[in-house]
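Enquirer: Chain by chain, the residues:
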Amino acid sequence: MIVAERKPFDEIKQLIKGYKRVLTVGCGTCVAVCLAGGEKEVGVLNAELKLGQKTEANQATFGEATVQRQCDVEFLDEIQHMVGGYDAILSMACGAGIQFMAERYPDIPVLPGVNTVFIGVNKDVGWYEERCKACGNCALGVTGGICPVTMCAKSLFNGPCGGTNQQSCEINSDQPCAWHMIYTRLARQGRLDNIMQIFPANDWRNQRPQTLVQPGYEERKAAAK
Amino acid sequence: MKSGSTLERILTAGHFAFTGELGPPRGANIEAIHKKAAPLKGMVDAVNITDNQTAVVRMSSWAASMFAIAEGLEPNYQMVCRDRNRLAMQGDILGASAHGIRNMLCLSGDHMQFGDHPQSKGVFDIDSIQLIQMVKKMRDEGQFLNGQEIDVPPKIFIGAAANPFAEPFEWRIYRLAKKIQAGADFIQTQCVFNMEKMREWIHRANDMGLTEKVYILAGVTPMKSLGMARYMKTKVPGMDVPDHIIDRLKGVEKTKQADEGIKIACEQIAEFKEMKGIAGVHLMPIEWEHKVPEIAERAHMLPRPQV
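Line by line, the protein sequences are chains W and C.
Heads up: the first sequence begins at 0 in numbering that gives the first Met the number 0, then just goes up one per residue.
Heads up: the second sequence begins at 0 in numbering that gives the first Met the number 0, then just goes up one per residue.
Keep in mind that the hints are not guaranteed to be accurate.
Stated by the list, open to error - One-sided and incomplete, this derived list gives chain C residues near chain W with beta-carbon spacing under 10 Å:
1) Arg-85
2) Gln-112
3) Gln-129
4) Gln-132
5) Tyr-173
6) Ala-176
7) Pro-236
Claimed, not checked - Which bits of chain C does chain W cover? Going by a derived footprint, with three or more residues having C-beta under 8 Å, they are:
8) 115–125
9) 162–170
Hint data in this document are derived by calculation from the structure and do not stem from the laboratory.
A virtual CB, placed ideally from N, CA and C, is assigned to each residue, including glycine.
Pulled out of the complex, with its shape left as it was, chain W reads as follows:
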């Protein structure tokens, strides 16, 4: 899932400064699971915002809504009837959801309430770790299911580097060395041959905006234009 963390309260306050009516919109999928921008977090943030302006002369009003997914236009349509009553939207979705919201309602400012941090896994309640950088060229089949792009701090395809430090990465002793893990996993599976050959230079497909149309949907996309 996509993992996000709420922006610091002062930064959010700064972002919405000057707006009289703010609609805080949560997203019920990834950011809800990682406890950053779901219905509950929208309620908490709005309560804080209301409390935080008690002493201020310029009072704003805060509305709230949470949709299933802000990255899906049909769910964004659900709040159409509310949007007209506000002069800013504070989106608690990931960066994709925020942009899609801004695209759907281009006449009012859409502001981010969270920082999107990574694509990751749920290690335990409230504990998430990054696992994918969406590089567009998955090497996991060769590297024992451990991503060299994400898990190596230098994204090396032919690691480990000289900084590998007793199974840890040079950047932090708590961060395991990806290539130590890859070696150990492949050795365990008898697949070390996989990394004996040199990985060629990667095709960094994620360096330009990507569009994907699944097979069979090309006509539908063409018709939408």
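Given chain W, put chain C in place with the hints provided.
Expert: Same frame as chain W, but now just chain C:
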């Protein structure tokens, strides 16, 4: 001759090579280069010019390499994968070669987090092994990484680093093999303190026939003090400093620790001269350039062969 560099000629003639290091200044200070270069002249066959070492901004390695040439030194131009993508790298390699830079050391580079701009974006478009491969392709096939033809290919003696100590130890030799397969002509190892492990590593390299395909220069760093030895042991990732080195420095008076450090380095060099599979020594005195003549003399590395 692949490049015609002095280092290449020394090694191919079968001489025991001796290389040094010069870190560029943190500024446009030509005088600082001049000062660091002076004690190296005539003492070593080539001088590594570091590339934003420890991720700290310094004068660019190709520019400092040019100054080294002007000082009468042969540069070993270091390039890290951290700071430039494949376009910038290939452009710099062409420029370096056109200016007469003939040796290059291909490295990953220390992570940005260690340096003076920890917020920076690391490039790592390609890794050190892919960089070696790219330089070889440019030189031998006259082609850029994308296969397009180069109008006058660069002439570069290709170097790579090796860490004989890091875990998993069994993998180290295969990573060396990958660097040779990629096209490395010579290897400079990480600073060696653990001679026992070094002997085992080079033994494996000999067994696999790797030392017949590449020239290996063993990295030697003289300890300046007990404090430095302790720091290297505990704080520098990838270093392997055995306790007996610490104990030996502990055993002498504080004022004599530097001398003891040089003595240890000279003993290592003496052993490397006799070690099958070792073609030379890469001396890395840390901020101790002025001691190079003394070390060269005491290690019987002088005079340097003229080739």
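Enquirer: Please go over all the hints and tell whether each is borne out by the structure.
Expert: Going down the list of hints, with the structure as the test:
About 7 Å separates the beta-carbon of C/Arg-85 from the nearest beta-carbon of chain W, less than 10 Å, and the hint is met. Hint on C/Gln-112 holds. Least Cβ distance to chain W is approximately 5 Å, under the 10 Å limit. For C/Gln-129, the interface hint holds, the least distance from its beta-carbon to any beta-carbon of chain W being 5 Å, beneath 10 Å. Hint on C/Gln-132 holds. Least Cβ distance to chain W is approximately 7 Å, under the 10 Å limit.
Interface hint at C/Tyr-173: satisfied, since its Cβ lies 6 Å from the closest Cβ of chain W, which is below the 10 Å cut-off. Look at C/Ala-176: its Cβ gets to within about 8 Å of chain W, closer than 10 Å, so that hint holds up. At about 4 Å, the closest approach between the beta carbon of C/Pro-236 and any beta carbon in chain W falls short of 10 Å, and the interface hint on this residue holds. With a cut-off of 8 Å between beta carbons, the region 115–125 of chain C has 4 residues touching chain W; three or more are needed, and the interface restraint holds.
Counting residues of the region 162–170 of chain C whose CB lies closer than 8 Å to any CB of chain W gives 5, so the stated coverage by that chain holds, three being the minimum.
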